[in-house]
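Asker: So the sequences go chain by chain: B and F.
Residue numbers for the first sequence follow this note's numbering, beginning at 1 and rising by one.
Residue numbers for the second sequence follow this note's numbering, beginning at 1001 and rising by one.
FYI, nobody ran anything at the bench for these hints, they're computed from the structure.
Every residue gets a Cβ at the ideal spot worked out from N, C-alpha and C, and that includes glycine.
Don't take every hint at face value.
Stated by the list, open to error - With beta-carbon atoms standing in for the labels, derived distance ranges: (1) ASN1259(F) - GLY76(B): 44 to 50 Å; (2) GLN1250(F) - GLY76(B): 40 to 46 Å; (3) THR1107(F) - LYS188(B): 21 to 27 Å.
To be verified - Distance condition first, Cα-Cα at most 25 Å in a straight line; then the derived DMTMM-like pairs of lysine to aspartate or glutamate: (4) LYS1137(F) - ASP53(B); (5) LYS1137(F) - ASP138(B); (6) LYS46(B) - ASP1136(F); (7) LYS1055(F) - ASP29(B); (8) LYS1055(F) - GLU1089(F); (9) LYS1137(F) - GLU218(B); (10) LYS1095(F) - ASP138(B); (11) LYS1055(F) - ASP162(B); (12) LYS156(B) - ASP1188(F); (13) LYS1055(F) - GLU23(B); (14) LYS1137(F) - ASP29(B); (15) LYS1137(F) - GLU49(B); (16) LYS1137(F) - GLU1153(F).
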Amino acid sequence: MSAAIAPAGLFDCRDAYVRTVEELAVQDDRIVAVVNDSVGSSKLGKFQERFPDRLVNVGIAEQNMVGVGAGLANGGKIPFVSGASCFLSARALEQIKADCAYSHANVKLCGISSGVAYGELGATHHSIEDIAWLRAIDRLTVIVPADPWQTAEAIKAAAAHDGPVYIRISRMPVPELERDDAVFRIGKAERLRPGTDIAIIANGTLVHHAVSAARRLEVDGIAAQVINMATISPMDVEMLAQAAATGAIVTAEEGLAHGGLGGAVAEYCATHSPVRMRMLGFPGFLPTGSAQWLMNRFGLNADGITAAARDLLKVKAR
Amino acid sequence: MNTRIREVSARANWMRRRLITMIVEAGQGHPGGDLSATDIIAALYFDILRFDPAKPAAPGRDRFVMSKGHCTGALYTALAGAGFFPEEELQTYLKPESRLNGHPNRTYLPGVETNTGPLGHGLPVAVGIAVAAQIDKADYRVFVLTGDGELQEGSMWEAAMFAGHRGLGQLTVIVDRNRLQQGASTEDTNALEPLADKWRAFGWDVAEVDGHDAAALLTAFDAACQPRSRPLCIIANTQKGHGVSFMENQAGWHHGVPNADQYALAMAELEAEMAA
Chain B
1 MSAAIAPAGL FDCRDAYVRT VEELAVQDDR IVAVVNDSVG SSKLGKFQER FPDRLVNVGI
61 AEQNMVGVGA GLANGGKIPF VSGASCFLSA RALEQIKADC AYSHANVKLC GISSGVAYGE
121 LGATHHSIED IAWLRAIDRL TVIVPADPWQ TAEAIKAAAA HDGPVYIRIS RMPVPELERD
181 DAVFRIGKAE RLRPGTDIAI IANGTLVHHA VSAARRLEVD GIAAQVINMA TISPMDVEML
241 AQAAATGAIV TAEEGLAHGG LGGAVAEYCA THSPVRMRML GFPGFLPTGS AQWLMNRFGL
301 NADGITAAAR DLLKVKAR
Chain F
1001 MNTRIREVSA RANWMRRRLI TMIVEAGQGH PGGDLSATDI IAALYFDILR FDPAKPAAPG
1061 RDRFVMSKGH CTGALYTALA GAGFFPEEEL QTYLKPESRL NGHPNRTYLP GVETNTGPLG
1121 HGLPVAVGIA VAAQIDKADY RVFVLTGDGE LQEGSMWEAA MFAGHRGLGQ LTVIVDRNRL
1181 QQGASTEDTN ALEPLADKWR AFGWDVAEVD GHDAAALLTA FDAACQPRSR PLCIIANTQK
1241 GHGVSFMENQ AGWHHGVPNA DQYALAMAEL EAEMAA
């Protein structure tokens, strides 16, 4: 599947990813890239030209790719292991658990073209289960950046972090978000809009839709706060407690809601601050359709978030 | 060479007595595979590998990766004997809160390179370490011990193919070829032969040795330490349960615990061997 050029004002986060890895590689010769025949889909062609000895292509072999990444970390490298997130997370799940997380190997796992980016290629190529699987693994940091800036910051933070990290790198076109405080820290969420009536918690490609939804709700006099929960493991529970104080939470993500961000928020709220919720995400194996069609079909857009928020507020009012 | 052989043999004998005692005290373990791997591990830790137990993370250390991670009796006795942790700690094997888990854990036990246990993990990690050495032109060596049954895991062949492709001359895999897996012989389960041909076809040099002959092992490992342009597979022909008569070649001793009489007999046999 050839990558479409992102429309004006929208960006493919893979570009921020490779630009940042290249910048880091110039400064730190421990940085290496490991791929499973995915030089093109990971956009690492230029990295390979600039650092031919530091791109390790294991071929189509994800289990070996992650094991080799753990070995490179043992040898003092900081490997960015990049592959389509559907294969990286599923095929190499035990290597991620044992070789990276349990062994505390300093491996940076980059799940490329996550979510439903592969649209029509179907459920084998969708990576909507990755967050549910990977956030179950102890001591693995899991990050879902929302835009190019946050992707770059997450890559830098991952490189500086001692330990394994999984980062979702989306290819779905997204705008650069507007922020007052542009600071990224692992484990810290950012509140993009304030509001006390309801909280919308999103990550990745859904964050800009959450902001749009909050703007629409504001027209109706509803103050919706928007939280970008970019780090899922560990979660920013302080921010979560503040969101729960509104009495109503809508979560939205490009993945399975059960087990994913929605599940994570629900677990915390059920045991700490019980609150009414709606969880927007995909239900399971999906029908044929483009990425955009699938997002719209399952209400993963500003319309869907707005409708869920209104519906939830009716329940809250009772 | 004779001094080296005597040292390795004495250490192996001590490891056998110690690991059987550990298994009896713990009430569980994998004595069959421990005893087939003991001489290989003794030769590596007490002669071949270059390391400082006080600096287990020193960048230039030789690496040993225990791909057959369930054989911790053999690994832990070697690590303790080599000074990575006190010998008295072996008494805690498998006890609550012990650092000596049923499978090795590098996050709390010095000397362990990567956490293994599920089969098929050690070789890919060892290949990654050897790639790091290749990129850095570092001169440390990477040894990895795999069970033979473990070679039924596909990830081992993904790694073998890539090691051959990269010409990882600092990498040596030793196959503990005891011909038995948990329930039956490897050849009856999912045959590995012709095993040497398989490794050669993947771009490796291959040597075969008696895995219980210290002199043969040291000769093979000395050769492994010479400059090479291809990875090396040493097929070490071994016996499960080697050194204890009633355990030898018995699949039933894959896991198991000797009773009091069996323990006494095992110790007597090993002490007699030591005296000989």
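Asker: Kindly indicate which numbered hints from before are broken by the structure, ordering the numbers from low to high.
Answerer: Of the numbered hints, 5, 9, 12, 13 and 16 do not hold.
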